[in-house]
Structures are given as structure tokens and as C-alpha cells.
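Mind docking chain B with the ligand on chain A? Use the hints.
The primary structure of each chain is shown beneath.
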Amino acid sequence: MSRKPPVLPILLGVLAMVAVIVASFKFLTTFDDKMAFKSPVRSEASVEAAETPRSQALRESSELAAAKELEKPYEEAEYRAVPRIGSRVAIWIVAQLHLLFAAFVLAVPIFALIIEFIGYRTGDERYDKLAYEFTKLLSASFSFTATLGAGLTFMLIILYPKFTNYLMSVFSPTFLPYVLLFFAEAGFLYSYYYGWGKFSPRVHLFLGLMLNVVGTALMFIANAWLTFMSTPAGIAESGALISTWDAITNYTWMPINIHRIIANVAFGGSIAAAYAAFQFLQAKTDEERAHYDWMGYMGNFVAICGLLPLPFAGYWLASEIYAFSQTMGLTMMGGAFSWLFIIQAILIGNLFLFANWYLWLGMGRIKGAERYRSFIWPMLVVITICFAIWATPRSILSTTEEVQAMGGSSHPMLGYLGVMSAKNTAVNILILTTFLSFVLYRRSGKIPTVSWAKQANFVQFLIFAGAATTVIGYGIAGYFVDAKTRIGFSVPQVGSVLAALVLVTLIDVFLLRNAETAETNWGKIRPISQYLLIMLAVTFTWLMGLMGYVRAGLRQHWHVFGVIRDTSVDAFTPSLGFATKVVSFTVLVFFLLIGFIFYLTGLTNKKSYQAIKDLTPRDVPGEPQVTPGLSAASSGATAMNAASGMPAGASGYSAAGHDSNPTLKT
Amino acid sequence: MNWWVLIAFVAAMLVLRWRRVGILTWVAAWLVGLYLVLNYVFVVPVPVSVIKIYMGIVSLSLFAFVLTDSQRMTEFWQPIQAFVVEPRYRPLLALVALAIPALVAFRIYADMTATPQAPFFARTVHPAPPDSIIVHDSELALGTADNPYRDLETSNPEEFKERLEKGRAVYYLNCFYCHGDLMAGAGMYAHALNPIPTNFQDPGTIAMLREAFLYWRIAKGAPGMPEEGGPWQSAMPAWESFLTEEEMWNVILFLYDFTGYQPRAVELH
Ligand code: HEM
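Residue numbers (our numbering), protein chains in the order written: chain A, 1 to 666; chain B, 1 to 269.
Quick caveat, the hints were computed from the structure, so don't treat them as lab data.
We treat Cβ as the ideally placed atom computed from N, Cα and C, and that holds for glycine.
A couple of the hints might just be wrong.
[To be verified] Partial selection, computed: residues in chain A whose CB lies under 10 Å from chain B:
no., residue
1, Met332
2, Ile346
3, Gly364
4, Leu380
5, Val403
6, Ala405
7, Ser410
8, Val481
Chain A with its partners taken away, still in its complex shape (with noise of 0.2 Å):
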């Protein structure tokens, strides 16, 4: 039995609330006023006469608080802040995305040019639609990167003013062409983008390259400004200037351009590639599938040519900083952000084993690839073992009966591989085992036909050979010498590896020539494959944000380290936790920005729409269509779901297209 609700009795005591609030609030005021003071006669004139002492007092501080006002003496500020976030926080999320935008737009053209020089070399069409295709990114990403610069530069201006203003003091002679710069960068971009198959080739190239030397002196000069606040020179222990030209080559100048270049194209290689495998994910033909995976295949190789000699130009920067100041060198390595360093460890191997992973998954796209597919293990074997050396950390977290069991904060064996000498080595063995992933790539889709074949693998073999026994020799002896010996035998470790890479890239040079190309079919990869490549965009951007708390906070409370002291109320290191939040905050709206960017950029494929409206409707793109590489990759998914979606065989429902499955034919 249903009850009506009881509609009269409700409206009536809502009626009744809104009675007794506005009740209550007139018996308030009414109340209220006549508690309040009121001269005795009513008219106004009479009420201004009759001054009380209590309006006098208010109208006489109130005069006196606006000629104050006028007196006030004019002061500059040191900080402002920012409500509920702080200036410091504010200020790094934007720094942060503007420096992500940036090492796009810087890394881009770098790879674009190349690939272009590529097509134009050998005549190859497709080269030259990559590159355009990348190109296409840059546009809009060149306004964020703009607007972003912007806003930095008035929030530093607003924020911060006593220090921007010393900055400016020092760098003055720098800003100036710094515009210009920028002003040129614009022109050559859009001349670069838009004058695509319009100029002749050359002078397109042109462009291009000009496009990438304006870039690099824009990054150049902007990193004079950052890292002169870690590592300052060419001013006086009183912050005053001595030298402009010294405080721009300061100690982590030169590393920091070399770090970030390289790491720039990897970034760059890796967004493009995620873009890529964006796409791919949407796309509806076979043909897209092809373009986009190659697309991201590209994309990759170029952020694997970037990572494998990042690490070298990161210790050189290590040992800068070090050099400036023993202090600065010990927060970094053994101090507060140490702790940081495991996390920068766990994410640089897993740069290392998704890039190898995807350059697996990918032999699956070339007839013939399987004759190698048992060198797949032993490289995860290898890959496993170093990735595990390069994030054991030195000192441990650890509890305190973890401690006392270990006799100080590293563990007596693990602790041998905490040390630099083991992970100098794993970091070499990383990067020749992932040269060797590509090196085998490569060979699975071309078949050498030359005479001496034979012997050249065996040749490339011992190259391998000769350096990875060389690298783990050195990391073996370097616990038997000092310090500073140890430090120079990272020299030989680096110089074997980078050998390697050469001579076996020379040789396969030659070996390759008219080789049989075996057939690849582009697009039949498996996606699990532009998940990973979307995963390894992500970590790089992650990486950044990160090592950028660390550069920026090993200046620790100062503005310029030891000149300039922060005596903001933010003046202390964020906690790690704390950072890793930010970063992580950061690098969820740069995806966000950048997917928003893809998106723009994925229409500019698309037809337009009256093409669209009159297209009949058999050419209508996007109708489904079976890939056999695609279908065969995801039967264990198409498996499970079929399952799950009929739980029992014993229900006796067995249509025809399920009985393929073999989980039913119990």
C-alpha cells in the first residue's frame, strides 16, 4: 500500500521556518537599533550640530588615517605573494610548463630538419610528409610556449621584485637580444611550417637550420639566467657585478646547454611519438595505422638516440656542481635530495626497459623477426639486473632495527652496489643492451647479402664483447682504487661503449648495403606497444619536473646560492613528497595542454566538413574493418570477454563464432 506524502503539512512547515527566520531577524534589528545610540533630536541638520564624542573620535581617526595615507613614504616591495598557494608555488608550476613547452618547440625542429635532410637526400616522399607532420605540431605549441613565457616573466616581475631586479642588473645586456631572438624564432618557425613544398628545397632546409640556431641561442641565453642562481660567477661577494660575460659562463652553464639539448630531443622524440600512438589508437584504416605507427617508431628511435648519451652529460653536470662547491655536490649526492636520486634511478630504467619493450613488441610487425626472438630474454635478463643496480640505493630508508641489523645505513653487500663504480657500470650495460635491441631490430628487417657477412657479425659480436667485458672490468677495479681514480675510470667505461656504438654502426653501414629488405608490415603491431610509448613520453615529462626540483632546490634558501639570500617566508626546501605533488599536478595539465594541442593538430588531417557532408556513403572512413595483425594481437582480450560474458559452457550456448574459442571447447 502506497502513502500520499503528506504535501499539505510540509508546505506548511517550510511556510512556518521562513516565518520564524525573518521574524526572528526583524525582532533582531529592531532590537538591535533600539540598543543603538540616537541623539535626542531627530532632524539631520540638528545631528551633524550635535557632535558626540564617539562620531568626533571616528570622524577625527579617519581624517587623520587618510593624511597618513598621503604622507605614506614610497617603498619597494621584496616578495608579494600569491593568496592560498604562495608565491613559490605558483610560480614553479609555471616556470615548470613553460620549460616543458619550451624543450618541445626546441627539440622538434632538430629532429624535423634531420628527417627532412633525410627525404631530401634520398628522394624519399615519405621522409618529408614526417617531418611535416611533426612540424605541424610546433604551431600551437609555439603560442603556449610564448604565452607561458609571459606570464613567468610578469609573475616574476610581480612576485619576486628585489631579486628580478638584480637578475635584470646583471643580465641587462642579455635581454635585449634575447627579444630579437625570440622575434626571429617566431619568423622562422611560421616561414619554416607554413613555407612547407612552397620553397625550393634548399631553401627550406634553410630555414630550418635557422630555426634551430636561433633556438639554441634563445635556450643558451635563458640558461645563463638559471644557472647563474646555482652556481653564480663574475659578481662580487656582495652580489655587485664584476663580469657579465663570467656570470653568464658560470660552472653548470655549459653542462646544463649540453644536458638539456639532448634531453630536449628525447622529450621531443617521445611526445611525438605519444602523438603518434595517439592517433594510431583513433585511427580507423589500415593506412593510418601504418602512417601513425611509423610516425611513432620514428618518434622513438629519435628519444632513444637522445636517452642513451644523457647519462654522460648528467654526470658531467654532477661533477660540476661539485666542483663549484663541495657543499652544493653533497645535498645533491649524499644529502637531502639523495633520497630523490632513487626515484630519478627508477625512473631512468624505466625509460630504458619501455623503450627496449617497444623495440621488441615491434619485431612483431616484420616477417622473419622470429629467428630472433630468443634474444629477447636474455636481454630482459640483462636489463633486469642493471635496471635493480642502478636504483639500489646508497643509504637506505630504512627503519631504526634496520639499521642497527645493518650496521649503518647501507646494507653490507647491497651497499657494494649503492657505490658509483656499480652504477656506472649498469648504466653502460644499459645503454649497449639497448643499442644491441636496436642493432637487432634493424637486422631483422634487412638480410645482409654481402660475401662476408658471416664474419662481420662475428666482428660486430666481439665489439659488443670486447666493451661490455671492458666496462664491467673497470666497475670490478674501481673498488680496489681511490677515489679520484675511480672518478677517471668512468672515462675508458664511457669511451668502450661509445666505440661500440660507432664501429658497429659503421660496419652495418656497409653490411646493409643492397640487403634484402624483409617485409614490414607497418600498423600490425600489437597497441599494447602505443600504450608504452605514451607511458614513455610520461615519464620523461615526469623526469623533468623532477630534476628541475633538484636543480632549483640545491640552491636551498638562497636566491642566487651564497650572494642573494631568499628571506621570503618561503625560504625553505619543500619536502619531497611535496614536490613530487607539484611536479605531478604540473605534468597533468602539460598532457592536458598537449592533448588539447594533438587534438587541434588531428584536425587539421581531417577533411573538412562539407567534404565530409558529400561524401556517399560507402566512402565514409571509419567504417570498422578487420586488420588481421590487430585481430590476432587482441584474441586473448576478445577471449575473455566472450568468456565472461558466457560464463557456462554447461548453458548450452554455443553459437557458431565462439566455438573457435579454445577455452570453450572444454
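For chain B with the ligand alone, coordinates are given in the frame of chain A:
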């Protein structure tokens, strides 16, 4: 090292390989096996945080191992699928369904009844030293200073030897109670201290430090530690109150000589 655990692990894996077990069993065996190895092979237990890192890395690699090969992936899923779908596994499936909340419950129980633990010990073992210190009224710039007697090693080996002997005396009169007769941090007082005295034989201590850094640590002791070097209950005394500058430099010479390590050199640009 408990070699038996390691040998048992290898033997078990070999047997599994020889029996050609399914990929799912193989992956599970690796995970469980490595977990046991990490926990029980080392006499000195490996801290939980490191085990977590290692297990994470290995899981990721196993994941890659399975997913790189479509055949392997199918093989991996088939038993799981069968387990979920096939009627003959129903009772087991029901057990698993019950086990999951039971595990959660157990976890909560374990958390509630755990003995209270001191929080993680994130002490910075080698904090950044100040730029300069004052010991016995003379100032020393730590960034550039070196052991004033280090040169004697080549220029005057006789005097160097003498100084080593003096350093030895200083060490065995003052330091070995805590740092141990073999400099392995196992002196007679060591067990009562937290943090425990530094093990100088460990390649991660004096072998990677400069002599000036040691001088600072010896002269200023625990009271001279900067903030991130806390907690401050370190028992390391400030030896400037008991030893002369010369004695402190001598004992540093002795520390390196005895352990066979070389100090990190000052890098000049
Ligand atoms: C495989 C090894 C490495 C990779 C993949 C890597 C990657 C990166 C990336 C992507 C950035 C951001 C660059 C940018 O802002 O444009 C970066 C910055 C940085 N890296 Fe590395 N790095 C590696 C090794 C190292 C090492 C060994 C160190 C030193 C201990 C190091 C120290 C730094 C620092 C301090 C920064 C901040 C620079 C800045 O943004 O101003 N890196 N790294």
C-alpha cells in the same frame, strides 16, 4: 649468506624449467622465489624499502616478458581464464573469493596489533659541511683545505710513518671504543648507540670523502651536524675539545692507511 636458500631456489627453478611448467607458474615462481631469496639469503636482513624496489622492477620485467610475445600472453591467460570459467574450479574460485576479503581483514588486524615502530630513519649520513670552520682559533676553508701532512707521503716517508704511528695512538686511545679495533664500526659501545658508529671499511664512507670533510666531522662531532644530519642523538664527540689540530690530522692519515683507502682529492678548476 645463507647459501642453502640460494641453492634451493636455483634447484627449484631448474626443476620447474625441466618440467616445462606453464608460463603462469613460471612467473609466479620467479616472484615468490626472489621474494624469499631477498628475505632469507642475506644474513643481515635487506630493508623493506629495497625489497619493494627490487620486487617492483622484477614484476615489471616479468610483465614485459609475458606481454612481448602474443603466444606467451595467451598461455598466461588461459589458466586464469579457465580457473574463472570452468565449473570444476568453482569451489576453488569460491575459496579465492573468500580469501580476498579475509586477507584484507587480516591485514587490518595485523596493522592494528603491530608493535609500534620508530618512524623511518631518513638520516643524511654525509650532510653538506659548512664552507669554513674555526678550530682552536684558526679558520679552515673546507672547500679547498687538504691534509697538511698528506704531502709527506712522497716527500718525507720517514716523517709520514711517524705521523701514522701518532695517529694510531690517537685512534686506539680515543676512537676504537666506538669505531672498533678493525675500524668496522663494531667497537664495544657500538651496540648501545643509535646511529651506530661509522664503519670505515665500508666503501661508501671515508673512501669517497675528502680529508677536510673528516676533519670537520671529527673536530665538530655530532653537535656540529647541520639540520639534515639529524636526529642529533649521534654519540660522536666533538674532538676539538680533547685533541690538537695536529692529532686530528694524524688520526685521519691513520684511518686511510689502516683501511687502505685513498681520500677523495680536492678538485680544482
Ligand atoms: C640516463 C640518465 C639521465 C636522463 C635520462 C636524464 C634526463 C633528464 C631530463 C629529461 C632533464 C630535463 C632537461 C630539461 O629541463 O630540459 C634532466 C635534467 C637534469 N638532470 Fe638529468 N638525466 C640523466 C642523468 C642525470 C644525472 C646522472 C644527473 C646528475 C646527478 C642529472 C642531473 C640533472 C639535473 C640537475 C637536471 C636539472 C637541469 C635543469 O633543468 O636545469 N641527470 N635530466
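Hint-by-hint comparison with the structure:
{"no.": "1", "hint": "Met332", "result": "holds, 9 Å"}
{"no.": "2", "hint": "Ile346", "result": "holds, 7 Å"}
{"no.": "3", "hint": "Gly364", "result": "holds, 7 Å"}
{"no.": "4", "hint": "Leu380", "result": "holds, 6 Å"}
{"no.": "5", "hint": "Val403", "result": "holds, 5 Å"}
{"no.": "6", "hint": "Ala405", "result": "holds, 6 Å"}
{"no.": "7", "hint": "Ser410", "result": "holds, 5 Å"}
{"no.": "8", "hint": "Val481", "result": "holds, 7 Å"}
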